[in-house]
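Number of protein chains: 2
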Amino acid sequence: MQVNIIGTGNVAWHLAKRFETLPSVRLKQVCGRSPVALTPFVDLARKTASIEDLKPADVTIIAVSDDVIASVSEQIPFSNQLVVHTSGSIPMEMLSIKNRKGVFYPAQSFSMEDKVDFKNVPLCLEFEDKADKKLLSELALNLSENIHILNSAQRQQLHIAAVFANNFTNYCYTMAKEICDEHRIPFSLLHPLMEKTVAKAMAHSPQLMQTGPARRGDHNVIEQHIAKLTSQNQVDLYKAISTSLLKHYGKEL
Amino acid sequence: MQVNIIGTGNVAWHLAKRFETLPSVRLKQVCGRSPVALTPFVDLARKTASIEDLKPADVTIIAVSDDVIASVSEQIPFSNQLVVHTSGSIPMEMLSIKNRKGVFYPAQSFSMEDKVDFKNVPLCLEFEDKADKKLLSELALNLSENIHILNSAQRQQLHIAAVFANNFTNYCYTMAKEICDEHRIPFSLLHPLMEKTVAKAMAHSPQLMQTGPARRGDHNVIEQHIAKLTSQNQVDLYKAISTSLLKHYGKEL
Numbered sequence: 001m002q003v004n005i006i007g008t009g010n011v012a013w014h015l016a017k018r019f020e021t022l023p024s025v026r027l028k029q030v031c032g033r034s035p036v037a038l039t040p041f042v043d044l045a046r047k048t049a050s051i052e053d054l055k056p057a058d059v060t061i062i063a064v065s066d067d068v069i070a071s072v073s074e075q076i077p078f079s080n081q082l083v084v085h086t087s088g089s090i091p092m093e094m095l096s097i098k099n100r101k102g103v104f105y106p107a108q109s110f111s112m113e114d115k116v117d118f119k120n121v122p123l124c125l126e127f128e129d130k131a132d133k134k135l136l137s138e139l140a141l142n143l144s145e146n147i148h149i150l151n152s153a154q155r156q157q158l159h160i161a162a163v164f165a166n167n168f169t170n171y172c173y174t175m176a177k178e179i180c181d182e183h184r185i186p187f188s189l190l191h192p193l194m195e196k197t198v199a200k201a202m203a204h205s206p207q208l209m210q211t212g213p214a215r216r217g218d219h220n221v222i223e224q225h226i227a228k229l230t231s232q233n234q235v236d237l238y239k240a241i242s243t244s245l246l247k248h249y250g251k252e253l
Numbered sequence: 001m002q003v004n005i006i007g008t009g010n011v012a013w014h015l016a017k018r019f020e021t022l023p024s025v026r027l028k029q030v031c032g033r034s035p036v037a038l039t040p041f042v043d044l045a046r047k048t049a050s051i052e053d054l055k056p057a058d059v060t061i062i063a064v065s066d067d068v069i070a071s072v073s074e075q076i077p078f079s080n081q082l083v084v085h086t087s088g089s090i091p092m093e094m095l096s097i098k099n100r101k102g103v104f105y106p107a108q109s110f111s112m113e114d115k116v117d118f119k120n121v122p123l124c125l126e127f128e129d130k131a132d133k134k135l136l137s138e139l140a141l142n143l144s145e146n147i148h149i150l151n152s153a154q155r156q157q158l159h160i161a162a163v164f165a166n167n168f169t170n171y172c173y174t175m176a177k178e179i180c181d182e183h184r185i186p187f188s189l190l191h192p193l194m195e196k197t198v199a200k201a202m203a204h205s206p207q208l209m210q211t212g213p214a215r216r217g218d219h220n221v222i223e224q225h226i227a228k229l230t231s232q233n234q235v236d237l238y239k240a241i242s243t244s245l246l247k248h249y250g251k252e253l
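If you're matching them up, the sequences are chains A and B in order. The first sequence: position 74 = 74 (UniProt numbering), numbered continuously. The second sequence: position 49 = 49 (UniProt numbering), numbered continuously.
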């Protein structure tokens, strides 16, 4: 199977590196805006190209920022091939009608310095033409054991769920660390608890694992905690999440 | 070293089980309110006692609910021994003056069915009499490699930080799962992302690891997400945390 990659960001980089190790996938071309952006792909330099020189492949993967996916897909010089994007939030329909549309979305956050174990990365697939299911699944199964077929609406909802499960939890960690730092408590004291929390939420339903003063409706402790917080932002956030928790569990406000 | 435990909850249970395996610690008595509460301690039955029959030990650990720690400490029939409680939020001062006061707080959540690897559980110690530092540290080091000396004010702040790092993150997982369930998306799709988030927050500063629309100040995406949420509670929480994030990172509100 021949694959093209358009893009030079984290997703493009990790996919390119992985494809190069797979015997059943041939990375045909990697396409970036500028020689500078292609620098990390130096091992693959013989394959780098500008978009107007891109040749057809079984799958062409557009791994660029959300806001340029549509225009990049319009610039592809060939037609009637399978062209997929890798975004969680852009509907498949945004791709150009010149080619067969699809989505190849890895539900994981990537950064350049991380090693990615693709085996455990959930890959969410979507395709316009049912005949492309086989091709896209085959490519996905080469990378991961965790393949899902989601439509664009589901993928967008997954992306919103990820804001809660990733962005918002990370921000709670930031607040926790801020409190620790203010009182000269090593943040590492909370690490085992953080790991345990995520392990329990995965093994059981987080709904059933909830503990703490708001879960119990313990307004005394909530008030004590709020009185001890040092910044208005901490207070507002503590109140807002506690209020939501109290409502969720039908406790008195 | 001889140790008594007062209490029959999760912390008491896990401590008792662990002490029984340690060659250098002898669990002298376990003390609970009723025979029913002591049922899980059946292996230790020869050691169970009611509080009026409790005999002195090197360390007597009160592992009961926060609201009865003070009264239980008053009921102890001996004096001038080291008596510690295991609570994150109760000041050491709440213990009865009859005995030497201390705190032995495991900063981890326990449930009956979990196996606890005490080696990684941070133990937070406090003591009134400096001479008890050695005794309490020795007991702690028998259980864990992760020992910290915190005063009551720090321990309370740690407890507040834990509300953010455990209670609030778990609630974010609950919201994420709710969204997944509503749209027939397996929650397991988010598991690798959840694990990665916690791993990054521990390895680096969560403050620096923050991503997402609120971090970028991307009001378009925030509005799109809010428009797609299905319950008022989800909307309120999404807005509140995003507002806090925008403020924290100095973005326009």
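A portion of the hints provided could be inaccurate.
Identical copies go unnamed one by one, so any copy, or any two together, can satisfy a pair.
Claimed, not checked - Listed next, the in silico DMTMM-like pairs over lysine to aspartate or glutamate satisfying Cα-Cα at most 25 angstroms (straight line):
hint : residue 1 : residue 2
1    : K98       : E20
2    : K134      : E252
3    : K239      : E138
4    : K200      : D218
5    : K247      : E223
6    : K119      : E145
7    : K133      : D218
8    : K228      : D53
These are computed hints drawn from the structure, not numbers from a lab. From a predicted model like this one, the values you see are computed outputs, not experimental measurements.
How the hints compare with the structure:
1. For the homomeric pair K98 and E20, neither the shortest alpha-carbon distance inside one copy (28 angstroms) nor that between copies (72 angstroms) is at most 25 angstroms.
2. Proximity of K134 and E252 under a CA criterion of 25 angstroms is satisfied in neither setting, with 53 angstroms inside one chain copy and 46 angstroms between copies.
3. Taking identical chains as interchangeable, the C-alpha atoms of K239 and E138 are never at most 25 angstroms apart, the minima being 48 angstroms within one chain and 40 angstroms between chains.
4. For the homomeric pair K200 and D218, the shortest alpha-carbon distance inside one copy (23 angstroms) is at most 25 angstroms, but the shortest distance between copies (32 angstroms) is not.
5. Within a single copy, K247 and E223 get their C-alpha atoms as close as 17 angstroms, and across copies as close as 23 angstroms, so both meet the 25 angstroms cut-off.
6. Taking identical chains as interchangeable, the C-alpha atoms of K119 and E145 lie at most 25 angstroms apart only when both belong to the same chain, with a minimum of 6 angstroms there against 33 angstroms between chains.
7. Neither within a single protomer nor between protomers do K133 and D218 lie at most 25 angstroms apart by alpha-carbon distance, with minima of 52 angstroms and 34 angstroms respectively.
8. For a Cα distance limit of 25 angstroms, the shortest separation of K228 from D53 qualifies neither inside one copy, at 62 angstroms, nor across copies, at 40 angstroms.
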